[in-house]
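Engineer: Chain by chain, the residues run as shown.
Protein chains: 2
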Amino acid sequence: MNAGPRRWHAQQAWLARGSGGGLARDVLIEAHGDRFAAVTPDTPAGRVPPGTVRLPGLTLPGLANAHSHAFHRALRGSAAGDSFWTWRERMYAVAERLDPDSYYALARAVYAEMALAGITCVGEFHYLHHGPGGRKYSDPNEMGRLLIAAAASSGLRITVLDACYLAGGFDPGGVPRPLAGVQLRFGDGSAEDWAERVAAFGADPHGMVSPHARVGAAIHSVRAVPPGQMPQVMAWSHARGAPVHAHLSEQPLENAECRAAFGATPSQVLYDAGALGPRSTMVHATHLTARDIELLGGTQTCVCMCPVTEADLADGVGPAPELAAAGCALALGSDGHRIIDLVEEARWMELSQRLVSRGRGHFTAVELAAAATVSGHACLGWPDAGEIVPGAYADLVTVSLDSPRLSGAVAGDPLTALFAAGTAADVRHVVASGADVVRDGRHLLVDDVSGELAAAVRAVLS
Amino acid sequence: MNAGPRRWHAQQAWLARGSGGGLARDVLIEAHGDRFAAVTPDTPAGRVPPGTVRLPGLTLPGLANAHSHAFHRALRGSAAGDSFWTWRERMYAVAERLDPDSYYALARAVYAEMALAGITCVGEFHYLHHGPGGRKYSDPNEMGRLLIAAAASSGLRITVLDACYLAGGFDPGGVPRPLAGVQLRFGDGSAEDWAERVAAFGADPHGMVSPHARVGAAIHSVRAVPPGQMPQVMAWSHARGAPVHAHLSEQPLENAECRAAFGATPSQVLYDAGALGPRSTMVHATHLTARDIELLGGTQTCVCMCPVTEADLADGVGPAPELAAAGCALALGSDGHRIIDLVEEARWMELSQRLVSRGRGHFTAVELAAAATVSGHACLGWPDAGEIVPGAYADLVTVSLDSPRLSGAVAGDPLTALFAAGTAADVRHVVASGADVVRDGRHLLVDDVSGELAAAVRAVLS
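Just so you know, the sequences run in chain order A and B. Going by my numbering, the residue at position 188 of the first sequence is 188; the numbering climbs one at a time, nothing skipped. Going by my numbering, the residue at position 226 of the second sequence is 226; the numbering climbs one at a time, nothing skipped.
Keep in mind that the hints were calculated from the coordinates and are not lab data. Heads up, none of these hints are tricks.
Distance ranges between label pairs, derived from CB positions:
(1) A:Y137 - B:P56: 38 to 46 Å
(2) B:G327 - A:L184: 47 to 55 Å
(3) B:R458 - A:D272: 53 to 61 Å
(4) A:T86 - B:G451: 44 to 52 Å
(5) A:A45 - B:R458: 17 to 25 Å
(6) B:E294 - A:T86: 27 to 35 Å
(7) B:G327 - A:R90: 29 to 37 Å
(8) B:R47 - A:Y137: 50 to 58 Å
(9) A:S357 - B:D171: 24 to 32 Å
(10) B:G134 - A:A38: 53 to 61 Å
(11) B:G451 - A:P278: 42 to 50 Å
(12) B:Y92 - A:S357: 19 to 27 Å
(13) A:G451 - B:D447: 31 to 39 Å
Every residue, glycine too, gets a C-beta built ideally from N, C-alpha and C.
Construct the complete structure from the given sequences, taking the supplied hints into account.
Structural biologist: Below, the structure is given as structure tokens:
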């Protein structure tokens, strides 16, 4: 993070969800350290201090990728298989092979790809904690720490959502199945042992382990954590004000097994365990009952949609508009990284609704932009990020508006045009925590993102 | 089109659907005039004749965009509206304003955008025939001819699918509603008058009006052509071996009105009128009965899916796998040009099926590639295009495999990787009819595609 005042001049900018759509022109943006100090629209380009960086096009707050499994990137381009469950077998085979070195190299390259796509903060849903067979590393948080180092090396802030993973599913009546195979690398034995390990990260009382990293909690899913153990995870989180994430109702089979095991839907089980609330984020939320939607909305739980992954894995289309209407904030994640492009994720949150509802206009461009920025940062424990306002983290992403995709598409509102037809390929400049990370489409900290991606994936698959 | 032998050396190439997946390495490709003369895999890079153009990455046959309405591009980025029918009002407002000059400028820029996306042949579904109020231009085919000129100026081959459009819908009992407003610009009065006008294009007995352009027929839809008039359109087409396209069952309302008017589904009405068959292509085919699928498959009718437009317009997801199983060839179109990217269209033909079926693996990469190439060219009347084989049109599109999207995604089959994660932004080189059109991502015939797009759209909307 570089010190001292830095200045940018944005030709057009979307500053925040509030101020009348939030679009402004000729915005002089000043940062001190990692925070915005002043934001002044309608500053003529000729009136800016020397050393000000010009940002032609449309500038937004940095994007937050609220749900990532970095190592899933190694599966991009692999043949489909016929279901979520056959896909999971392939994903497990990759997890089986990862060691700290190969995991660091892969995560660094994947986070660099995220930076090129305008992402300045990632929520890494992390469950690969231990060595083969479940053997603890000398530092039991070695894997989590290398994710933090990987994010730092690629210029991103990170929330490690450290997942409690105790069971390999539940039989009818709620009898837990023991962890097996690679799942042994995920498990800590009990929520108490999980909490003890996570405490050893040595985070400060606010959950920060460095200026760019914080630790949060995750309940992997109702498949992996007995309801009776969930309150200990929540207690850990309450004591620190830390975010808690969980996979929720991604597949019908998960719902069926949960009903057979516990006599309730996954949402109800999590609600009864006290796992829903304003600091909680449920990922996917694809197959819900009306009552589930009431529980999530009534507790102001955030929902993270991963529309491209949910299409890739044939999950289905979740009730995003109904959840928003019920009171849930919506965030976005690239999850399995079939693609890393939050503009596309936002577009398909809208378009997938159109396919099933036969209606248009479920989300405005401002609502999509908010999901990709302020709501995403908030659900990762960074409430003071995702808006271009004084005091917020100085994160910026600038997209050009003159590609063939966007030329002639911005007669109206450039934000609408971006989410209609733009892609990550339109990202030109990225600033994270006050530091330039991407300039003219080139990553400033990772020289050869493509080369590192290819090498890291080869190392994992070969 | 330049004469004399020309040569390219493709690092990797997908040659054709047949030959065992069709992937080959180090392919020396030779063209004479606008046709491939020789295709020789496994030719070491060191052994190629001087003047051979290197094509690093993956080379495919040129892509065919089987369904285009060029002027709809002006609506990209406009606010959504709440239904297909409100969108249609906005589209009509654009059609209202077009004149030959503004239409040419827009079509030329849109076709240039297509070339940058690897498209070497476009099927323009053309119904804006006449001046305001339906006044005929001095050349009654002036609008069609300017589309042909626009394609030539951007380096594409074109099939003008000249649409017969006679009615503004049908009331129960089959009573036609008269054309109104801008629809007057679409109408010729009768199929006989339509055929007379189209004959005046002066196409040769094979339907060619120039080496790069042919004329085909279209029945706009069962909303616009009385069943009794369809046979004359088909007779015109049979006499010339010309393709015939029609919009089919895009919206439930179209089906309901058709049943009320004619007591049958649109597919049945078209079948009874003799409008289905191997030279016919039905566009969308979203809302079909099992019987409709039998009729389309049994007649070997081609179906053109436009997955992104079908999402954009909230049409729904058509039964593409069932149609393919029934015997229909599948093609792809960008239709309303919300985006112009046939790789994305192909991806979403698969992914949209996953969203509704909850299963994966509906189409292989080879099937998706065939839809975007050989099947698309065939349904536009170019059966000798879309494969890299001697005698076929010399159309090539080369995508780089080293973008962050595709790096580390090609451990397996590069064709699978392309349709999993690639986009039009990965297109580097395009050859159409033996001539270089795009080199290193730059259009060689249209200097400033983005600038022309912006100016042409501004001229139409202002």
